[in-house]
Every structure is written in structure tokens, then in C-alpha cells.
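*Asks:* Protein chains in written order, with the working numbering: chain A, 1 to 342; chain B, 1 to 456.
I should point out that these hints are in silico values taken from the structure, not numbers from a laboratory.
There's no promise every hint is true.
Computed cross-link-like contacts, SDA-like style, restricted to lysine to any residue with a CA-CA straight-line distance of at most 25 Å [as the list claims (entries may be wrong)]:
id : chain 1 : residue 1 : chain 2 : residue 2
1  : B       : Lys56     : A       : Ile140
2  : A       : Lys334    : B       : Lys431
3  : A       : Lys339    : B       : Phe362
4  : B       : Lys431    : A       : Ala112
5  : A       : Lys107    : B       : Lys41
6  : A       : Lys107    : B       : Val120
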Amino acid sequence: MELATMQILWYLVLCASVIFYTMLDGFDLGVGCLHLFAKADYDRRIFLNAIGPIWDGNEVWLVIIGGALFAGFPIAYAAIFSSFYTLLMIFLAGIIARAVAIEFRSKHESRAWRSAWDIVFFVGSLVITWGAGVVLGNLILGIPIDGNQGFHGNFWAFINLYSVIVGFLAVSLFMLHGLIFLLMKTEGELHDRLRNWIKPSMTFFIAMFVIATLDTAHTARHMLHRFLDHPWLIVVPVIMLLAIINIPLQAKKKNDGFAFLSSSLAIMLFFCLFGIGTYPYILRSSINPEQFSLTMFNSSSSATTLEVTLTIAAIGVPLVLAYGYFIYWVFRGKVKLDKSSY
Amino acid sequence: MDVVFLSRIQFALNITFHYLFPPMSIGLGLLLVIMEGMYMKTKNHFYKKLAQFWTKIFALFFAVGVATGFVQVFAFGNNWADYSKFVGDVFGTVLAAEGIFAFFLEAGFLGIMLFGWERVKPRVHYLSTILVTFGAHFSAIWIVIANSWMQTPTGYQIVGSGRGARAVVTNIWEVYFNPSSMDRLAHVLIGCWITGSFLLISIGAYYLLKRRSLDFAKVSLKVGLIIGSICLILQLISADVTARGVAKNQPVKLAAMEGVYKTKEYTPMTLLGFVDSKEKKVVGIKVPGLLSFLTFRDFKQPVQGLDQFDQKNWPNISMVFQSYHIMIYAWVAMAILAILAWIFVYRKKLEERRWLLWLLTFAIAFPYIANTAGWFTAELGRQPWLVYNVLRTSEGVSRSIVANQVIGSLIMFICIYIALFAMFIFLLNRKIKHGPEAEEREDVVYRTPFTGKENQ
């Protein structure tokens with residue numbers, strides 16, 4: 001295989017991992033962002049047990065993103081991780097806190113203990129979601145790196161209005177996604193109450209979506225260039241809009257499964273938009289985009305490594321999807337608390 | 001303080017804290033496979049309870065292990081960007097393989113293992129336990145391969161020069177099966193199994209002391225003692241093979257481990273001592289010719305001393321020497337305790353020897369000391385190289401970061417780890433004090449934090 005073909009293939013593997021991550025961990029992070037809105041301990045236990053058996057597997061996609069970037073595009077991996085240092089440290093703190101909160105919360109019968117972990121779980125989920133959005137926003141805008149991947153800036157360079165807005169867009173999207181997941185997993189009185197949450201969370205999402213879109217047209221205009229060159233690409237955002245509109249329609253008809261598929265599709269197309277806008281950049285340089293940016297072609301590992309990793313992915317990914325499917329199938333249906341629950 | 005030093009401290013802190021947890025997941029996983037296997041075979045509910053109790057303990061270790069493991073994936077790019085660029089071709093491949101072949105297996109089937117008792121057939125549950133344990137072992141395999149490549153790099157060539165230089169894979173099988181990977185893998189895995197065994201021994205002994213859950217305690221103690229003893233013997237063989245590999249592939253490291261400053265015939269082994277790095281000698285109890293014999297099966301043949309190597313390529317001799325010896329002492333302590341335990345088991349008097357039961361209860365510290373000291377020996381012994389004889393540690397650090405950033409994150413990690421460790425011990429202690437009988441969840445009525453309304 002040609003080197004360029006393998007570079008593109010590995011980039012697609014990377015994109016697929018990002019999409020799987022946001023579709024899957026997206027809903028359990030969303031459940032975390034909704035956690036404190038549930039007032040009763042029973043409700044919170046249902047929330048936790050809805051994601052309990054699967055969240056860990058979902059989060060592994062994040063490791064895969066890191067590993068895939070490291071293996072396929074080590075130069076981009078090194079530049080991104082060292083430049084985004086402080087932001088990623090906060091992100092890591094969120095990951096650690098959230099993971100142990102889920103496990104620790106139900107191990108001790110005390111109200112204060114549980115409330116404390118509820119807050120940690122909520123804040124952790126929020127920080128991870130928002131942080132991921134901020135990283136994405138900065139990847140869209142570009143960061144100040146020179147031709148030797150030297151970074152000219154500090155932490156505050158990342159906290160710009162555009163990225164913060166993308167961060168909140170991510171929060172609103174995951175909240176919606178998580179809510180629909182909960183609708184699928186709950187029944188009875190709690191389920192009916194959750195149904196009333198659709199309207200506010202849909203409103204929050206639409207508001208963020210509109211703001212982010214307008215700001216992209218204003219601040220990150222380069223994201224639109226490819227659409228002007230290839231107008232047929234407009235089908236992607238059109239389908240995305242249809243998917244978004246379909247979410248409340250399906251939820252109203254109580255087709256929660258279809259609503260969930262719609263929000264998953266919307267997330268997937270969000271990333272297609274991101275990919276179309278940023279191609280072939282992995283890390284855009286805001287100093288000189290044409291010369292200093294890291295693309296999938298100038299930051300990849302060697303042909304041998306790409307060949308090995310593509311082989312690993314070709315064997316591994318079908319396995320991963322097969323047991324992922326099996327585990328979701330085992331835990332299908334409404335959540336019921338039993339002895340082994342949180 | 002410079003970024004290299006701070007980043008080294010941070011990496012050491014992260015990996016040391018992280019490495020408190022995976023060995024237990026690996027070792028306890030294997031023992032869970034054995035215990036649940038006994039349930040599958042006998043259909044005796046007692047074994048199911050046993051397995052369920054230990055599964056909950058397993059979950060606690062696993063959760064913290066995964067949470068802290070995330071830090072490692074980030075750490076290479078965060079603090080060691082130039083290293084990542086240099087070795088991404090080789091190292092990245094192995095890490096990606098770990099992710100795809102190990103983590104999904106572990107994290108995925110853990111759900112069934114923890115929550116699936118009532119949902120799936122016993123056979124499917126047992127299969128999940130086996131798969132999670134496999135996953136934990138795979139994870140160790142890949143990570144030890146990656147680390148071993150840094151110790152004894154093969155199967156690569158360097159392209160480019162200066163800061164643009166990169167190691168590129170020429171033969172992936174040589175990368176996987178580099179000269180030290182299989183020796184070190186065996187050494188690490190046996191260490192993990194010993195860790196799991198000693199947890200069973202420790203908690204079994206504790207219950208015997210407290211005269212409770214006696215059947216449970218006896219079975220745990222017995223399983224732990226049998227597997228633990230076998231592994232302690234295996235570890236001795238593995239240690240011999242590994243050390244001779246180090247002598248061959250990383251002679252400076254071996255010289256540091258034993259503090260051999262001068263090359264001479266009948267090289268002694270120091271049983272106990274300290275390194276006087278100013279005078280360049282080791283003071284202590286020595287057995288002449290022992291190191292020569294262990295290395296070459298010949299008392300006379302000299303082991304290469306530090307004088308054969310440029311001093312700028314020496315690691316910190318004293319630290320490597322002491323960690324290596326601490327690892328050995330921990331093994332000796334475990335071996336003595338195992339022998340004592342067997343003697344009293346044979347005389348059917350173990351339950352009456354309270355002093356021994358107390359010692360066994362606290363014996364869980366020894367595998368931890370051995371694991372940590374072992375990693376220290378391996379990692380400090382590789383210094384000043386990141387990739388042995390290829391890339392120096394000072395060349396691998398990120399140039400985009402400044403000392404303040406690392407200090408900030410270091411403080412953050414210290415706070416998180418102290419809090420995490422305290423709560424982990426609190427919960428583990430509670431689980432053990434509650435014991436296997438208290439498995440039925442007590443239904444407590446809670447007041448909700450916001451409304452004060454009573455809820456179940």
C-alpha cells in the first residue's frame with residue numbers, strides 16, 4: 001500500500017475512534033452532567049446503574065484515541081499533548097475523579113459520603129465534557145505553534161470565547177444524548193418525570209448550537225472553505241439538521257430508541273463536519289496555517305508502523321465491536337436494581 | 001528546579017501509584033478464575049460466595065487502577081513530547097495494541113463480572129471472569145514489551161538526524177521479542193500472582209485471628225498459600241534468568257545493582273550494605289565469587305564493573321543498589337513466612353499461632369515492596385537513558401512546557417493520590433471488616449440532600 005493511502009486510512013481509524021468515543025462515552029458523561037438534577041437517591045442510583053456495566057468500556061475509546069494518535073501520528077501527538085498541557089491535566093483530574101466516584105459512591109452507607117461523591121461525579125463529568133469541547137474548539141481555531149512544533153503561548157491561549165462556546169455546546173449535546181439514553185433505560189414514575197426534561201435540554205442544546213454555528217462563521221471562517229469549493233458536501237449538515245429535528249419528534253412519539261439513534265447520528269455528523277473543515281490538518285498552526293500546521297501527511301509514523309497498526313486494527317476492531325455488542329445486549333432493557341447494583 | 005527533574009518526579013509518582021493496583025487485578029484475577037472454577041466444578045454455593053466477595057475487592061482495585069492508568073497514556077505526550085516523537089513509531093504501536101487487545105476485554109467484560117451474576121448463565125459469567133483476567137494479563141504483556149524495548153531496543157533503525165531523528169521499525173517481531181521482553185514479562189507476571197496470593201493469605205489470616213468466617217478464611221488461606229508458594233519458587237528461577245539477561249544486555253545496570261565498582265575475579269555479591277559513592281566502594285557483608293557464579297556459573301570469571309564504563313553513563317548507584325536489595329529482602333521475607341505457615345499447617349496448629357497469623361496479615365506489604373522496588377531497579381538502572389544507549393532522558397522532555405506547569409500538575413497529582421489512597425484504604429478496610437457474610441445490601445432509608453424528603 002502507498003504511504004499516503006495508509007496515512008488516510010489511519011486518519012479514518014482515528015476519526016472512527018473519536019466518533020465511537022463521543023457516541024458511547026457521550027451518553028454516560030451526559031448522565032453525569034444530569035446527575036445532580038435528580039433529587040432522590042433512588043433516582044441517582046438508577047442513573048448510575050443505567051451506565052454502570054458499560055461506562056468503563058465506553059471510556060476505553062478515549063485510550064484508543066490517544067494510542068491511535070501516538071502510533072499513527074506521533075509528531076502530532078507530541079505537539080498536542082505537550083501544548084495543551086495544563087488543560088489536559090484538568091481533564092485528567094476530571095477523569096480520575098469521575099471514575100472513582102462511580103465506584104466509591106455506593107460502597108458506604110452514609111448520606112454525606114454519597115452526596116459528596118454525587119457532586120464529584122457531576123463536576124467530573126462536566127469538566128471532562130467541557131474540556132473535550134474546549135480542546136476541539138482550539139483544534140478548529142488552531143494554536144500558536146511554529147515550524148518545529150514549538151508552542152508560543154500559555155494556558156490562557158486556550159480559554160478563548162470560541163472554544164468556551166464549543167465546550168458548552170459539547171455539554172448541551174451530551175446532556176441531551178444522556179437524557180435520551182436514560183429514557184430508554186427507565187420506567188414508571190421516574191421515566192415520566194424525565195420526559196419533562198426533554199424540553200429544557202433541547203432548548204439549551206439548540207441555543208448553544210445556533211451560537212456556535214454563528215461564531216464558527218465569524219471566528220473560524222476557514223471551516224467553511226471546503227463547503228464553498230465542494231457545494232455537494234452541504235448534504236452533511238442538512239442530514240445533521242434533520243437528525244437533530246428528529247430527536248424531539250421521536251421522543252414525543254415515545255420512540256426513545258429512534259430518538260437515541262438520531263442523536264447518535266447527529267454526533268457522528270458533527271464530527272464529519274469537523275473532519276471536512278479541518279482536513280488534512282490534525283493540528284492547525286495559528287501562526288502560519290499553510291506552513292507550520294501538522295497534517296496527516298507530515299506528522300505520521302513510518303510505512304512499516306502504519307502497516308503493523310492497520311493490521312492490529314483490522315484484527316482488533318471487529319473483536320472489540322463484537323464483544324461491545326454482546327455486552328450491550330446482555331444489559332439491554334430497563335434498569336432494575338438488584339444485589340449487585342451500585 | 002528544571003523541567004527534566006520535575007517531569008521525572010512526576011512520572012515516578014504516577015507510575016508508582018498506578019502500579020499499586022494492576023498487580024492485584026492481575027493476581028487476584030487469576031485467583032478468581034480458580035475460585036469460580038471451583039464453584040463451576042462443585043456447584044457448591046460456598047465457592048460462589050467466596051468468588052463474589054473477592055470480585056468486589058477486585059472491582060475496587062480495578063477502578064483505581066483504570067483511573068490512574070489514564071494518566072500514563074497522557075504522560076508520554078504531556079511531559080515527554082520529544083521522546084514520543086522519537087519513539088512513536090515503535091512505542092506507539094505497542095501502546096495501541098495494548099488498548100485494542102487488552103483494555104476492551106478488561107473494561108467490557110468487567111460489567112458482566114460485576115453486574116451479571118443474575119443476568120447471565122453461570123458459564124457465561126465464568127467466561128467473563130476468564131476474559132477480564134486475560135485482558136489484565138494482555139495489558140501487562142504489551143506494557144512490559146514497550147518498557148523492555150526501552151531497556152534493550154532492537155528491530156529499529158534511526159532515520160534523520162539531530163532533533164529530527166526518529167527510531168523507525170524495521171522488524172516488528174524483533175521489537176516485540178527484544179532480548180529482555182520475555183524474561184521481564186515472566187518476572188512481572190509472577191510478581192503479580194504473588195501479590196494476589198498474599199492478599200488471600202493476609203485476609204484469611206485476619207479472619208482466623210478474629211475467629212470469624214472460618215470456612216471462608218481457611219479456603220482463602222489455603223488457595224493463597226498454595227499458589228503463592230509455587231509462584232515464590234518460580235520467581236527465584238525467573239530472577240536468575242532475568243539477572244543474567246541484565247548482565248548480558250545492560251552490564252552497567254547489573255554493576256549498579258550489586259555496586260561492582262572494580263572489575264576483578266571472584267566478583268562478590270553483597271548481601272547487605274551501603275554504597276559509598278564518594279570512595280567508590282560498597283561497605284557490607286559480601287560473599288566472594290557469588291555474583292560471578294550466579295552470572296556465569298563460574299566463581300572466577302569477573303563481572304564487568306563500573307570502571308569499564310564512562311561515568312556519565314552511570315545510573316544513581318546507591319538507589320539502584322538499595323532498591324534491588326530491598327526487592328530481594330521482600331522475597332526472602334515472603335519465603336520465610338510461607339515456610340513457617342506450611343510447617344504449622346502440616347502440624348495442624350496454624351490457627352493457634354496468633355503471632356504467625358498477625359505476621360501473615362501484614363505480609364501483604366511484602367509483595368508491594370518487592371513490586372515497587374523491582375520497578376525502581378529496572379527504571380533507575382536504565383538512567384541516564386530513556387531508550388538504552390540511544391536517547392538520553394534529558395533529550396526526551398517536552399520543550400513546550402515550563403517548570404511552573406509541571407509543579408502545578410505535580411501538586412494536583414499529589415493531592416488527588418493522597419485523597420484517593422485514603423479513601424481506597426477506608427473502603428477496602430470496610431469491605432474486609434464487613435466480611436463475606438454481609439453481602440446482602442442493607443436497605444437504608446435516605447434523606448435526599450436537597451429536599452429532605454425520605455427516599456429509598
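*Asks:* Going back to the hint list, which numbers does this structure go against?
*Replies:* Violated hints: 1, 2, 3 and 5; rest satisfied.
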